[in-house]
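Counting from 1 along the sequence shown, just add 27 to a position and that's the residue number in this note's numbering.
To be clear, the hints were calculated from the coordinates, so they are not data collected in a lab. Note that this is a predicted model, so its numbers are computed, not measured. Treat each hint with caution, since some may be false.
[Said to hold, decoys possible] Distance windows between CB atoms, simulated:
#	residue 1	residue 2	range
1	Ala82	Arg171	16 to 26 Å
2	Asp165	Lys130	14 to 24 Å
3	Leu107	Gly175	34 to 44 Å
4	Glu322	Lys130	33 to 43 Å
[Stated by the list, open to error] Heads up, simulated DMTMM-like pairs for lysine to aspartate or glutamate below, C-alpha to C-alpha not over 20 Å straight-line:
#	residue 1	residue 2
5	Lys297	Glu322
6	Lys176	Glu222
7	Lys176	Asp165
8	Lys55	Glu109
9	Lys336	Asp134
10	Lys309	Glu264
11	Lys251	Glu264
12	Lys251	Glu303
13	Lys209	Glu103
Note that beta-carbon positions come from the ideal geometry of N, C-alpha and C, so glycine has one too.
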Amino acid sequence: MRTATLLAAVMVISVVVPSVAEAAYPTKPVRLVVPFPPGGGTDILGRVIALPMTASLGQTVVVDNRPGAGGAIGAELAALAEPDGYTLILISSSYAASAAFRKTPYDPVNGIQPIILLGTTGLLMITHPSVAARSVRDLIAYARANPGKLNYASVGTGSVSHLTHEAFRLATGVNIVHVPFKGGGPALTGVIGGEVQMGVVSLVPTLPHLRAGRLRAIGITTPKRSSLLPDVPSIGETVPGFEVTHWYGMYFPKGTPRPIVARWNSDVAKLLHSDEMTARTKGEGLDAAGGPPEEFQQLIQRDVAKWKKVVGQSGLK
């Protein structure tokens with residue numbers, strides 16, 4: 028009888044202790060992994076979110092840049108971390124592309140705990156101002172006449188910018204040489220400095236360079252033109268059916284307590300739709316999103332399937 032009573036007490040404690048810990052969360056700084064180096068769209072958005080979330084949580088949200096392998100290194104670090112609510116990651120659509128390109132030691136769809144879709148935007152096809160092609164049509168014509176003479180920058184092998192170029196190559200038959208960089212910031216620097224002639228990079232970090240005349244945008248991957256760049260046509264206007272929506276979102280390791288996931292989802296959603304954040308995201312071409320974790324998981328699943336087709340058709344290894 029005494030043994031049964033002790034066992035029951037232990038079971039009650041095991042149930043109560045986690046709930047108390049969750050109620051007190053957080054009791055120490057929270058690490059927000061950014062799987063790219065400083066200067067790219069993911070890093071910029073991570074730092075924009077970290078400051079107000081620090082105020083909301085009462086604990087510092089520390090941005091931890093872990094670049095490499097098109098975002099795969101940081102994604103693995105976050106996915107395999109302790110599911111205690113103290114490690115999460117801000118990812119871009121490169122996450123789904125990378126998951127389609129290489130095997131991961133976890134299930135990229137069901138082996139993580141999505142938190143929220145932050146927003147959607149487009150990828151810009153950019154060139155150095157010295158490149159003669161001033162439109163997607165011009166670029167295709169030049170690339171076909173000069174196979175292998177153009178180089179393009181991606182944010183990493185297996186990233187969404189890499190696979191976007193592969194999809195473009197499959198749709199147009201061009202031969203443009205891939206030059207991988209370790210993130211959006213370095214890729215932009217490569218094009219600005221003339222190290223490579225062109226690239227496909229998120230609209231968010233590219234806008235200041237376009238306005239300063241350091242880069243030229245010849246196309247955007249979204250089905251419609253951006254209100255911020257109405258003179259830049261959709262690539263689909265020249266290559267029918269071509270479309271890539273770039274997105275940003277956040278996830279915890281699988282098994283993170285639901286109350287902690289719900290708190291982050293709620294707090295970040297409020298932040299996204301605050302007047303200050305709405306003005307900022309619109310000014311950077313990002314359409315704020317939100318919604319429950321399940322919707323974000325469905326988006327990841329669709330994109331992984333889409334990019335697996337591109338990888339298969341292009342013969343990438």
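- Satisfaction of hint between Asp134 and Lys336, Cα-Cα up to 20 Å: Answer holds: Lys336 to Asp134 is near 18 Å, not above 20 Å.
- Message: Holds or violated: Lys209 and Glu103, Cα atoms, limit 20 Å.
- Response: 16 Å, holds
- Query: Is Lys251 close enough to Glu303, meaning Cα to Cα at most 20 Å?
  - Reply: Distance ~25 Å between Lys251 and Glu303 Cα, so the pair is violated.
- Message: What's the verdict on Lys55 and Glu109, does the C-alpha distance respect the 20 Å limit or exceed it?
- Response: 14 Å, holds
- Item | Outcome for the supplied range 33 to 43 Å, where the beta carbon pair is Glu322 and Lys130 | 26 Å, violated
- Item | Range hint 34 to 44 Å (beta carbons of Leu107 and Gly175) holds or violated | The hinted range 34 to 44 Å holds for Leu107 and Gly175, with Cβ atoms some 39 Å apart.
- Message: Check whether the Cα positions of Lys176 and Asp165 lie no farther apart than 20 Å.
- Response: 14 Å, holds
- If you check the beta carbons of Ala82 and Arg171, does the distance land in 16 to 26 Å? 54 Å, violated
- Query: Would the pair Lys176 and Glu222 pass a check requiring their Cα atoms to be no farther apart than 20 Å?
  - Reply: 13 Å, holds
- Task: Starting from the hint 14 to 24 Å, judge whether the C-beta atoms of Asp165 and Lys130 obey it.
- Result: About 39 Å separates the Cβ atoms of Asp165 and Lys130, which means 14 to 24 Å is violated.
- Given pair status - Glu264, Lys309, alpha carbons within 20 Å: 23 Å, violated
- Message: Can you confirm whether the C-alpha distance between Lys297 and Glu322 stays at or below 20 Å?
- Response: 17 Å, holds
In this structure, the earlier hints numbered 1, 2, 4, 10 and 12 are contradicted, and the remaining ones agree with it.
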